[in-house]
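> Sequence:
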Amino acid sequence: MGDCRHRRVRMNHSEEAEDLIQKEGVLFAESGHVHKAIDKFNEAIEKCPVNPSAFNNRAQALRLIGKPEEALADLNQAISLSNGVGRSACQAFVQRAMIHRLHGDDDSARADFQKAAELGSSFAKMQVVALNPYAAMCNKMLSEVFSNLKKGKIDQ
1 MGDCRHRRVR
11 MNHSEEAEDL
21 IQKEGVLFAE
31 SGHVHKAIDK
41 FNEAIEKCPV
51 NPSAFNNRAQ
61 ALRLIGKPEE
71 ALADLNQAIS
81 LSNGVGRSAC
91 QAFVQRAMIH
101 RLHGDDDSAR
111 ADFQKAAELG
121 SSFAKMQVVA
131 LNPYAAMCNK
141 MLSEVFSNLK
151 KGKIDQ
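The sequence shown begins at 1 in our numbering and counts up by one.
Treat the hints with care, since some could be wrong.
[Unchecked claim] Calculated pairs, SDA-like style, for lysine to any residue (alpha carbon to alpha carbon, straight line, at most 20 Å):
1. 67 <-> 103
2. 67 <-> 104
3. 47 <-> 31
4. 125 <-> 145
5. 150 <-> 134
6. 36 <-> 49
7. 36 <-> 47
8. 47 <-> 68
9. 140 <-> 120
10. 67 <-> 30
11. 67 <-> 83
12. 153 <-> 132
13. 67 <-> 86
14. 125 <-> 148
15. 67 <-> 26
16. 36 <-> 86
17. 47 <-> 15
18. 125 <-> 86
19. 47 <-> 24
20. 23 <-> 49
21. 67 <-> 105
22. 47 <-> 99
23. 125 <-> 153
24. 67 <-> 33
25. 125 <-> 142
26. 36 <-> 80
27. 125 <-> 107
28. 151 <-> 133
29. 125 <-> 140
Simulated from the structure, these hints should not be mistaken for laboratory data.
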């Protein structure tokens with residue numbers, strides 16, 4: 001089949017077919033046909049089992065139908081396949097952090113959001129701050145100071 005990784009600039013016919021299958025899956029998911037989307041992502045993974053993007057997409061669909069444990073497995077695979085770098089890794093870290101947060105595991109969520117933030121996710125950067133109790137306290141205090149300054153209240 002050849003190398004189906006998407007890191008190459010030019011795609012061969014098999015890679016283009018796999019990319020098209022993923023796009024069809026995304027369209028199914030966006031139109032509410034999540035099970036059909038999962039079928040498409042399964043097909044894409046069969047064609048190219050080393051593409052982290054397909055695992056990310058399937059994880060998103062699995063989350064939508066309430067299967068977070070299966071989604072976590074796909075996200076771990078996406079992170080592994082991407083070596084924890086690049087767009088696919090960034091998206092996988094964000095999704096995995098959201099699942100951790102849903103389960104009340106803020107420490108794991110914070111760690112994954114931090115990794116995604118380091119890979120360039122502005123959403124993850126905001127979440128890192130939101131999950132940091134000291135930063136939240138400082139932000140609240142700063143907001144109060146600025147609010148008081150706007151109102152002309154200055155503590156002496």
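> Each hint should be assessed against the structure and marked as holding or not.
Structure-based check of all given hints:
1. A C-alpha spacing of about 13 Å is found between residue 67 and residue 103, which places the hinted pair at or below 20 Å, so the restraint holds.
2. Our distance criterion of 20 Å between C-alpha atoms is met by residue 67 and residue 104, whose separation comes to about 16 Å.
3. Distance restraint check for residue 47 and residue 31: the Cα-Cα separation of roughly 24 Å exceeds the 20 Å cut-off, and the hinted pair is therefore not satisfied.
4. For the given pair, residue 125 sits about 24 Å from residue 145 by alpha-carbon distance, which is inconsistent with the 20 Å threshold.
5. With a C-alpha separation of about 24 Å, the suggested pairing of residue 150 with residue 134 is violated against the 20 Å cut-off.
6. Between residue 36 and residue 49 the CA atoms are separated by roughly 19 Å; this keeps the pair inside 20 Å, and the hint holds.
7. Of the supplied pair hints, the one linking residue 36 and residue 47 holds, its CA atoms being roughly 17 Å apart against a limit of 20 Å.
8. At roughly 24 Å between alpha-carbon atoms, residue 47 and residue 68 are farther apart than 20 Å, so this suggested pair is violated.
9. Between residue 140 and residue 120 the CA atoms are separated by roughly 25 Å; this puts the pair beyond 20 Å, and the hint is violated.
10. At most 20 Å may separate the alpha-carbon atoms for a hinted pair to count; residue 67 and residue 30 meet this at roughly 18 Å.
11. With a CA separation close to 24 Å, the supplied pair residue 67 and residue 83 exceeds the 20 Å bound.
12. Restraint check for residue 153 and residue 132: the C-alpha separation of about 29 Å exceeds 20 Å, so the hint is violated.
13. Using a Cα cut-off of 20 Å, the hinted pair residue 67 and residue 86 is violated, with the two alpha carbons roughly 25 Å apart.
14. For a cut-off of 20 Å, the pair hint linking residue 125 to residue 148 is broken: about 27 Å separates their Cα positions.
15. Taken as a hint, the residue 67 and residue 26 pair is honoured in the structure, with Cα atoms around 18 Å apart against an allowance of 20 Å.
16. For the given pair, residue 36 sits about 27 Å from residue 86 by alpha-carbon distance, which is inconsistent with the 20 Å threshold.
17. This hinted pair checks out: residue 47 and residue 15 have alpha carbons roughly 8 Å apart, not beyond 20 Å.
18. This hinted pair checks out: residue 125 and residue 86 have alpha carbons roughly 16 Å apart, not beyond 20 Å.
19. Between residue 47 and residue 24, the direct Cα distance comes to roughly 14 Å. Compliance with the 20 Å bound is thereby established for this hinted pair.
20. As the CA atoms of residue 23 and residue 49 are separated by approximately 16 Å, the hinted pair is consistent with the 20 Å bound.
21. Note on residue 67 and residue 105: the hinted pairing holds, with a Cα-Cα distance of about 17 Å set against a maximum of 20 Å.
22. Of the pairs offered as hints, the one joining residue 47 and residue 99 is violated, with about 27 Å between alpha carbons and a cut-off of 20 Å exceeded.
23. At roughly 32 Å between alpha-carbon atoms, residue 125 and residue 153 are farther apart than 20 Å, so this suggested pair is violated.
24. With a C-alpha separation of about 16 Å, the suggested pair residue 67 and residue 33 falls inside the 20 Å cut-off, and the hint holds.
25. This hinted pair checks out: residue 125 and residue 142 have alpha carbons roughly 19 Å apart, not beyond 20 Å.
26. Restraint check for residue 36 and residue 80: the C-alpha separation of about 26 Å exceeds 20 Å, so the hint is violated.
27. A C-alpha spacing of about 15 Å is found between residue 125 and residue 107, which places the hinted pair at or below 20 Å, so the restraint holds.
28. Among the hinted pairs, residue 151 with residue 133 is inconsistent with the structure: their alpha-carbon atoms are about 27 Å apart, more than 20 Å.
29. Restraint check: the Cα-Cα separation between residue 125 and residue 140 comes to about 18 Å, which is no more than 20 Å; the hinted pair holds.
Checked against the numbered hints given earlier, this structure breaks hints 3, 4, 5, 8, 9, 11, 12, 13, 14, 16, 22, 23, 26, 28; the rest are met.
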